[in-house]
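Protein chains: 2
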Amino acid sequence: MKIIVDAMGGDNAPQAPVMGAIQANKEYGVDIVLVGRGEEILKVLESNGIQELPAGVEIAHASEVVEICDNPANAFREKKDSSLTVGLNMLKSGGGDAFVSAGSTGALLSASTLLVKRIKGIRRAALAPVVPTGNGGAVLIDCGANAECPPEYLLQFAYMGSYYAEHVLGRPEPKVGLLNIGAEPSKGTSLQTTVYPMLQEAAKAGRINFVGNVEAREAVEGSVDVIVSDGYSGNIFLKTMEGTGLFLAREIKKMFMKSMLTKLAALLVSGGLKQFKKMMDSSEVGGTALLGISKPVIKAHGSSDAYAIKNAVRQAKQFASSGIIESITDNVDVMRLEVTQL
Amino acid sequence: MKIIVDAMGGDNAPQAPVMGAIQANKEYGVDIVLVGRGEEILKVLESNGIQELPAGVEIAHASEVVEICDNPANAFREKKDSSLTVGLNMLKSGGGDAFVSAGSTGALLSASTLLVKRIKGIRRAALAPVVPTGNGGAVLIDCGANAECPPEYLLQFAYMGSYYAEHVLGRPEPKVGLLNIGAEPSKGTSLQTTVYPMLQEAAKAGRINFVGNVEAREAVEGSVDVIVSDGYSGNIFLKTMEGTGLFLAREIKKMFMKSMLTKLAALLVSGGLKQFKKMMDSSEVGGTALLGISKPVIKAHGSSDAYAIKNAVRQAKQFASSGIIESITDNVDVMRLEVTQL
Chain A
1 MKIIVDAMGG DNAPQAPVMG AIQANKEYGV DIVLVGRGEE ILKVLESNGI
51 QELPAGVEIA HASEVVEICD NPANAFREKK DSSLTVGLNM LKSGGGDAFV
101 SAGSTGALLS ASTLLVKRIK GIRRAALAPV VPTGNGGAVL IDCGANAECP
151 PEYLLQFAYM GSYYAEHVLG RPEPKVGLLN IGAEPSKGTS LQTTVYPMLQ
201 EAAKAGRINF VGNVEAREAV EGSVDVIVSD GYSGNIFLKT MEGTGLFLAR
251 EIKKMFMKSM LTKLAALLVS GGLKQFKKMM DSSEVGGTAL LGISKPVIKA
301 HGSSDAYAIK NAVRQAKQFA SSGIIESITD NVDVMRLEVT QL
Chain B
1 MKIIVDAMGG DNAPQAPVMG AIQANKEYGV DIVLVGRGEE ILKVLESNGI
51 QELPAGVEIA HASEVVEICD NPANAFREKK DSSLTVGLNM LKSGGGDAFV
101 SAGSTGALLS ASTLLVKRIK GIRRAALAPV VPTGNGGAVL IDCGANAECP
151 PEYLLQFAYM GSYYAEHVLG RPEPKVGLLN IGAEPSKGTS LQTTVYPMLQ
201 EAAKAGRINF VGNVEAREAV EGSVDVIVSD GYSGNIFLKT MEGTGLFLAR
251 EIKKMFMKSM LTKLAALLVS GGLKQFKKMM DSSEVGGTAL LGISKPVIKA
301 HGSSDAYAIK NAVRQAKQFA SSGIIESITD NVDVMRLEVT QL
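These protein sequences, in sequence, are chains A and B. As numbered in the working numbering, the first sequence has no gaps in its residue numbers, which increase by one up to the final residue, 342. As numbered in the working numbering, the second sequence has no gaps in its residue numbers, which increase by one up to the final residue, 342.
Quick caveat, the hints were computed from the structure, so don't treat them as lab data. Given the structure is predicted, the values throughout are model-derived calculations rather than measurements. Errors might be hidden in some of the hints.
To be clear about the criterion: a stretch of chain A counts as covered by chain B if any three or more of its residues have a C-beta under 8 angstroms from a C-beta of chain B, and this derived list gives those stretches [as the list claims (entries may be wrong)]: (1) 178–190; (2) 213–221; (3) 233–241.
Here a beta-carbon is modelled for each residue, glycine too, at the ideal position from N, C-alpha and C.
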């Protein structure tokens, strides 16, 4: 198993992706290709006391870097020698089994779609993070790749999310819920009322375990394994969770910093606080899978540190060995609507 | 000032609405009309040691009760002698200045729209709760009354939300944000990209303080006073906040219950924990304003206790004395699109 890592992507590049990948190589026994400016990568290794490349780690030089100011849609074309373009071309040609990047989401999405291509029959790739919920996390699909979605996208998201929950998270017969504002099939916008019977039909045929509409509150509490949503609403869901978590964490911190006694209290629950922080921490999950692309691509959080990158590489390894792309490919015919239904 | 209270609405009726209204009468000096089954209301008073009606409190008998199983759209018509129908007819005819109910949201919305009527020119009434945010709360409009919205609804929500934040929450020049998945005007679905320039124009004319798109995370952190949204996304936002808050509160409780030492820690921060709980508690706000109706209507949470009802009555008093309905009525012409733009 060989994972290609974008050494130049993210707020903490090249330090975080390089050292995260090195740690993953050691811990998970995966081979690593670090793509980026060779001299900068070597400098990071050197400054961390690594004089020569560990076994199973190689460098693929790429002189350019995709920046925030680049147009996401064209960056990979305009910067042909960027770590993004070189890395994805390597993935496409079989030079590695998965690609991990903490760089621009938009650029990664466009480049993956146009260079590596979607699975045949899949209409759009989706961003599918695992969000922290009461049942140990749920796949949220889509969380922002496609703001506006016709029904067929959501039908495909439901299947892809279900395969991911089953194959990568190890949930047997994952419960699939349609994000909505009420339980009844009549709830929501015309998108949800159109998709509901499609998912019901897929469930009747035994293809997915669709459990009906899921309200945002129940989704957070952990009532489903897969949350199916258009990208706009999925993003609202994800960012509201993040915002609320941050807001409350700050309030709790304030509470503990008030006096000597409250600081003592913090000390007494320090083990629990650490666990709590870990549960809320996106770096534990690693990154967001791009589902629908014909090869495994993982988007790590832009602010990833080495630890988060290491976890993203672990996730890429699970993704690549899970057989999920084969499952999607083999079943894509049942995920397509008749032309008349479009 | 006379507030009409639905004595039969909500999970804890008649106890909670009756006693909450009585407390509000005492604390805020408002007159109260308790609408519902006279004998049940008297029984509640009696069992709370109140032998005769306090000054300024009267009972309006209504023999029927709108139940969960009733069709929300027709309940007020089918049960003409329900506390909902009698109370709203009283509001309409000037028998009171505002109406408070903890009963079915759907039934209250339909009945308010069809009995009390919308403000002329307002296309839809919206549910506008004050959600807890880093800046002491923001008006979220709409949070579920209208799942699917054409652009004009959102334009009107922006104005109504702004007036509410200014007149009822006391925010001068309230910052109005369009709930979206990115800052750029091109972000979101066709709804947001269409509404953005309309709000921009309203801001240029000095009518509202539109500050652009607001992402869910920043909205929670408190970057705006008014969050403008279609009812579907607004509901996802609200319920995700609630769910995340509950989820984290449970985890924190677990953390404090682990051992003797962590229980001691809980004792040391008990003051802070109480404050924290208060901040998260929807009963502090009281209820959700129905904006766009020609008279003040407040929907209290279904699970309201007497304290929450008391606060809802306080909120109804503020609403009724704020002049917001006059502001909407006076400015409704600038909130309407030309027919050709529809």
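Taking the hints in turn, this is what the structure says about them:
1. Coverage of the segment 178–190 of chain A by chain B holds. Counting CB-CB distances below 8 angstroms, 6 residues qualify, and the rule asks for three or more.
2. By the rule of at least three residues with a Cβ nearer than 8 angstroms to a Cβ of chain B, the coverage given for the segment 213–221 of chain A holds, with 7 such residues.
3. Counting residues of the segment 233–241 of chain A whose beta-carbon sits less than 8 angstroms from any beta-carbon of chain B gives 8, enough to reach three: the coverage restraint holds.
Violated hints are absent here; each numbered hint is respected by the structure.
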